[in-house]
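Asker: Chains as they are written, first to last, in our numbering: chain U, 203 to 406; chain R, 203 to 406.
It is worth saying that the hints were derived from the structure and are not from the lab.
Accuracy of the hints is not assured; some may be wrong.
Said to hold, decoys possible - Result set (DSS-like, lysine-lysine): computed pairs, CA atoms no more than 25 Å apart in a straight line:
1) R/Lys365 with R/Lys287
2) R/Lys287 with R/Lys273
3) U/Lys287 with R/Lys318
4) R/Lys287 with U/Lys318
5) U/Lys365 with U/Lys273
In case you want the letters, here they are:
Protein chains: 2
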Amino acid sequence: MAFDATPARDLPLSDTALDQLFTSARTRNAWSDRPVSEALIRRLYDLTKFGPTAVNNTPARFVFVTSPETKARLIPLMGEGNRAKTLQAPVNVIIGMDLDFPETLPRLFPHAPGAKDWFADAAGRRDSAFRNSSLQGGYFMIAARALGLDVGPMSGFDPEGVKAEFFAGTAVEPNFIVNLGYGTDENLFPRSPRLGFDEAAQIL
Amino acid sequence: MAFDATPARDLPLSDTALDQLFTSARTRNAWSDRPVSEALIRRLYDLTKFGPTAVNNTPARFVFVTSPETKARLIPLMGEGNRAKTLQAPVNVIIGMDLDFPETLPRLFPHAPGAKDWFADAAGRRDSAFRNSSLQGGYFMIAARALGLDVGPMSGFDPEGVKAEFFAGTAVEPNFIVNLGYGTDENLFPRSPRLGFDEAAQIL
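Sequences are here, hints too, so could you generate the full structure?
Answerer: In structure tokens:
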């Protein structure tokens, strides 16, 4: 790209960085025993939190499962095919969505004091929590890769069981679960095909 | 970080790159007239498509609205507060979700020939399309920033109208819409607060 005096944010990241985030990154099914520190978990949250959400509602809630005691509560709720890798990963992250997110809006979206009332309809509130917590899940996984970590997202678990075990008495519902750590190449599938541009997109 | 012979993918990106993706990036409400080329749109798709989805189902579908004729079909379907900026942005991206994604699984997830049948239940199929197309929307926005672009996501539009105008006769439903281009600081809100780690997360 020719020098054109645009600020740095108008420039693409290096191919090495794009590889790390997208092109060469892989969902991991096996994990080294290299630990993930609490400081790194907090740094990961501090990147994730800045991703855009509707009226800044940031409905995602994160339970970082790290101790053997907590893993023992989670593993039986995972689908059978997900248990061994979930046990092996140094961290399992339950990403939930808080259906009570409107209560946070007076603080999170202060320039529209009525924003809380825009979600009075239960179905619309759930849709927004689902969409935006999923977006945040996407930010979370790319942020993890940006910090040099690997991820392994899973939908195969007992959602009612996870709700009862980890979110009882709250308006939080589980969305999906991510294994987090430093992956190995064990049990790595060959990269599956992707849809071509013209199958998934159009320019009109 | 001390040199420890780990491969490059185990290292964090630079603070400058993390700023560009997350920390300093902002949802833009006004746009310069700098165009976005078709080559850049295709490069953006080619990063986005590699983000992880359940059984590689990649249900997101992308309509890149670039021509005045197509913008004229979209603008009246946007919420009033979103019309001026949607008109100004060089590209508007309608991100849809294809409820017929199971039809693609024999090709996209070839090592599990029965995967298509895991989504026979309509509610489960819709949940997976919604969750995974939203994840892909998250990948898309971070990939755009990684390429030096800015984004402005919006949920304020007439979903039935967008369905009828852009996805008639298909199983695709609109999820959300993203303005894409090179933003300006005009109409930029001050950065809104985020939840602290202990409000949104716990380590157990």
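Asker: Next step is simple, just say for each hint if it's right about the structure.
Answerer: Hint-by-hint comparison with the structure:
{"no.": "1", "hint": "R/Lys365 with R/Lys287", "in the structure": "holds, 21 Å"}
{"no.": "2", "hint": "R/Lys287 with R/Lys273", "in the structure": "holds, 12 Å"}
{"no.": "3", "hint": "U/Lys287 with R/Lys318", "in the structure": "holds, 24 Å"}
{"no.": "4", "hint": "R/Lys287 with U/Lys318", "in the structure": "holds, 24 Å"}
{"no.": "5", "hint": "U/Lys365 with U/Lys273", "in the structure": "holds, 15 Å"}
Checked against the numbered hints given earlier, the structure satisfies every one of them.
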